[in-house]
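Protein chains in written order, with this note's numbering: chain A, 75 to 335; chain B, 15 to 293.
No wet-lab data here; the hints were simulated from the structure. Beta carbons: idealized from backbone N, C-alpha and C, even for Gly. Be a bit skeptical, because a hint or two may be false.
Unchecked claim - Some residues of chain A that are not near chain B, with every Cβ distance over 10 Å (derived):
# : residue
1 : His153
2 : Arg205
3 : Arg249
4 : Ala314
What the hints assert, rightly or not - Simulated pairs of lysine to aspartate or glutamate, EDC-like, Cα-Cα distance not exceeding 20 Å:
# : chain 1 : residue 1 : chain 2 : residue 2
5 : A       : Lys187    : B       : Glu30
6 : A       : Lys166    : B       : Glu112
7 : A       : Lys206    : B       : Glu112
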Amino acid sequence: MADDVAIAVSDLAKRYGEVEAVKGISFAVRAGTTTALLGGNGAGKTTTLSMLLGVLTPTAGRVTVLGVEMPRHRHRVLHRMNFTSPYVDLPKRLTVFQNLRVFADLYGVRRAKDRIAAVAEECDLAALLGRKYGELSAGQRTRVSLAKALINEPDVLLLDEPTASLDPDIGDRMRSSLERYQRTSGCTMLLASHHMGEVERMCDDVIMLRAGRVVDQGSPDALIARYGRQTMEEVFLDVARGRTGMRNVPTAGAGADEVAI
Amino acid sequence: MSVSAPARVVQFSGVEASMRRIFGIVRRHGYLIFRSWARMISMAYYPTVTVVLWAFVTIYLAPSSNLLRDAPGLFIGAVLLWDLMFRGQLGVSLTLIEEVYSRNLGNLFVAPLTLPEFMAGQLVMSVLRAVVGVGGACIFAWLLFHYSIFSFGFALIGFFANLVIFGWAIGLAVSAMIVRVGLGGEELAWAAMFLVAPVSGVYYPISVLPAWLQVVAEVLPSAHVFEGMRAVLLQGVFPWNHFWIALAENAVYLALGAALFAWAVRDARVRGTLLQMGE
Numbered sequence: 075m076a077d078d079v080a081i082a083v084s085d086l087a088k089r090y091g092e093v094e095a096v097k098g099i100s101f102a103v104r105a106g107t108t109t110a111l112l113g114g115n116g117a118g119k120t121t122t123l124s125m126l127l128g129v130l131t132p133t134a135g136r137v138t139v140l141g142v143e144m145p146r147h148r149h150r151v152l153h154r155m156n157f158t159s160p161y162v163d164l165p166k167r168l169t170v171f172q173n174l175r176v177f178a179d180l181y182g183v184r185r186a187k188d189r190i191a192a193v194a195e196e197c198d199l200a201a202l203l204g205r206k207y208g209e210l211s212a213g214q215r216t217r218v219s220l221a222k223a224l225i226n227e228p229d230v231l232l233l234d235e236p237t238a239s240l241d242p243d244i245g246d247r248m249r250s251s252l253e254r255y256q257r258t259s260g261c262t263m264l265l266a267s268h269h270m271g272e273v274e275r276m277c278d279d280v281i282m283l284r285a286g287r288v289v290d291q292g293s294p295d296a297l298i299a300r301y302g303r304q305t306m307e308e309v310f311l312d313v314a315r316g317r318t319g320m321r322n323v324p325t326a327g328a329g330a331d332e333v334a335i
Numbered sequence: 015m016s017v018s019a020p021a022r023v024v025q026f027s028g029v030e031a032s033m034r035r036i037f038g039i040v041r042r043h044g045y046l047i048f049r050s051w052a053r054m055i056s057m058a059y060y061p062t063v064t065v066v067l068w069a070f071v072t073i074y075l076a077p078s079s080n081l082l083r084d085a086p087g088l089f090i091g092a093v094l095l096w097d098l099m100f101r102g103q104l105g106v107s108l109t110l111i112e113e114v115y116s117r118n119l120g121n122l123f124v125a126p127l128t129l130p131e132f133m134a135g136q137l138v139m140s141v142l143r144a145v146v147g148v149g150g151a152c153i154f155a156w157l158l159f160h161y162s163i164f165s166f167g168f169a170l171i172g173f174f175a176n177l178v179i180f181g182w183a184i185g186l187a188v189s190a191m192i193v194r195v196g197l198g199g200e201e202l203a204w205a206a207m208f209l210v211a212p213v214s215g216v217y218y219p220i221s222v223l224p225a226w227l228q229v230v231a232e233v234l235p236s237a238h239v240f241e242g243m244r245a246v247l248l249q250g251v252f253p254w255n256h257f258w259i260a261l262a263e264n265a266v267y268l269a270l271g272a273a274l275f276a277w278a279v280r281d282a283r284v285r286g287t288l289l290q291m292g293e
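Work out the full structure: start from the sequences and follow the hints.
Structure (structure tokens):
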């Protein structure tokens with residue numbers, strides 16, 4: 075594996091009984107970049123992220139994160155990773171500070187109070203530290219989840235729909251926080267998103283999934299040009315609806331799965 | 015080749031990090047319980063009410079019962095020890111159930127926390143819950159009826175250890191069921207212990223059971239503890255044989271409970287239920 079590859083996925087597959095959620099995908103994510111996993115509902119994005127996190131055992135294939143094989147040796151690298159997802163939540167009866175303090179312990183963060191103060195500042199949470207998580211608005215909770223995801227200053231950050239259900243203002247603030255963090259830390263980010271503006275703004279590379287396969291990949295500009303479209307939204311619709319024959323578009327199963335970005 | 019980590023946030027490593035993670039689980043549930051008077055009171059409420067009930071039964075029956083005249087603490091001691099085991103089991107199960115209710119299990123399992131560390135956190139919480147719950151009842155028993163649990167002397171340490179460990183074993187098995195079937199298995203957390211109650215001889219000797227149930231009782235550490243308790247109260251001796259048998263059985267049950275829980279979590283990783291488990 076190349077030195078600058080943070081995440082390497084090879085022939086990764088996940089089957090639930092008769093359902094093949096992920097069908098032998100391969101890709102690599104360069105260290106220090108932000109990459110999007112795009113695809114419609116059921117395309118396999120969350121399943122792929124779950125396997126990268128070591129919380130879901132693949133049926134076949136290989137995943138390495140920062141050179142460490144997942145899920146077998148996940149405990150060697152999980153302290154350098156973190157994630158947010160709408161599928162998980164934080165204890166509602168604990169205050170924001172208490173939640174962050176617990177995760178500082180779980181990620182082994184020294185000088186936890188200083189670090190909590192720093193992430194609270196970064197995520198605009200300083201005034202909310204004493205409030206119970208369950209009393210917060212959706213936007214405030216999302217900021218707390220982001221603060222939790224940054225508590226250990228991860229080298230690899232996996233974000234599952236990080237701005238889902240946020241109003242444009244809060245969504246923009248969230249994206250700004252992530253961009254700032256990425257710039258200052260050199261972190262590798264992989265995000266699953268349905269927000270194409272977010273992808274165009276934040277991502278260096280895009281991996282397009284459909285029905286558990288990688289059907290295309292490249293930079294947002296390259297994809298837009300390849301599909302002869304104006305925006306990623308239009309590219310997304312082309313891919314989601316199986317319109318892959320515009321210009322120079324690789325078809326699923328014809329090598330698209332094996333391109334490293 | 016690994017990408018090197020930039021030196022920024024300093025993290026604990028090795029045993030220190032492991033202890034910190036266990037403490038993180040204890041801290042999380044400590045925040046929930048020990049900063050809420052309502053929760054503290056509710057933990058002590060049931061054991062206290064039960065102690066009061068059995069204390070009055072003792073007062074009523076003692077004049078006509080040689081047994082209770084000789085050992086007035088027979089029922090109160092039994093109910094306190096029983097609750098110790100019950101709280102021990104609940105402490106393990108509820109620590110997991112709280113995470114499932116909170117939809118926080120996914121956050122925990124993508125953190126560096128290992129399953130043995132999570133289990134260790136469950137066991138510590140179990141002891142704390144048992145001490146708070148039964149401790150409150152003990153104080154009431156002493157204030158209202160002048161009964162002290164410490165009248166068992168050093169035997170109390172043996173009883174405590176064996177009952178709490180058996181509670182842990184059942185709690186881990188219940189945790190496995192909850193991970194396997196979801197919150198539908200929550201009822202087990204409350205009901206599991208009552209399955210072993212009749213065969214444990216909490217309020218009566220094992221000899222009153224039918225012969226085939228006595229065989230079942232032999233393999234329950236709780237039955238040995240309560241036989242031991244009666245030996246201490248009625249004969250004034252600590253039956254070491256019961257203590258060692260209970261301890262050996264507990265070693266087996268605890269290993270089985272932990273293995274079952276580990277299997278359930280491994281299975282959940284395959285089925286993909288860990289991240290989305292919740293209400």
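Do the hints match the structure? See the list:
1. His153: Check fails; 4 Å does not lie beyond 10 Å.
2. Arg205: 14 Å, holds
3. Arg249: Check passes; 22 Å lies beyond 10 Å.
4. Ala314: A/Ala314 clear of chain B: closest Cβ-Cβ about 23 Å, beyond 10 Å.
5. A/Lys187 x B/Glu30: Holds - the C-alpha atoms of B/Glu30 and A/Lys187 are around 18 Å apart, at most 20 Å.
6. A/Lys166 x B/Glu112: It holds: about 11 Å lies between the C-alpha atoms, which stays within 20 Å.
7. A/Lys206 x B/Glu112: Within the cut-off at roughly 16 Å; holds.
Of the hints listed earlier, the one the structure fails to meet is number 1.
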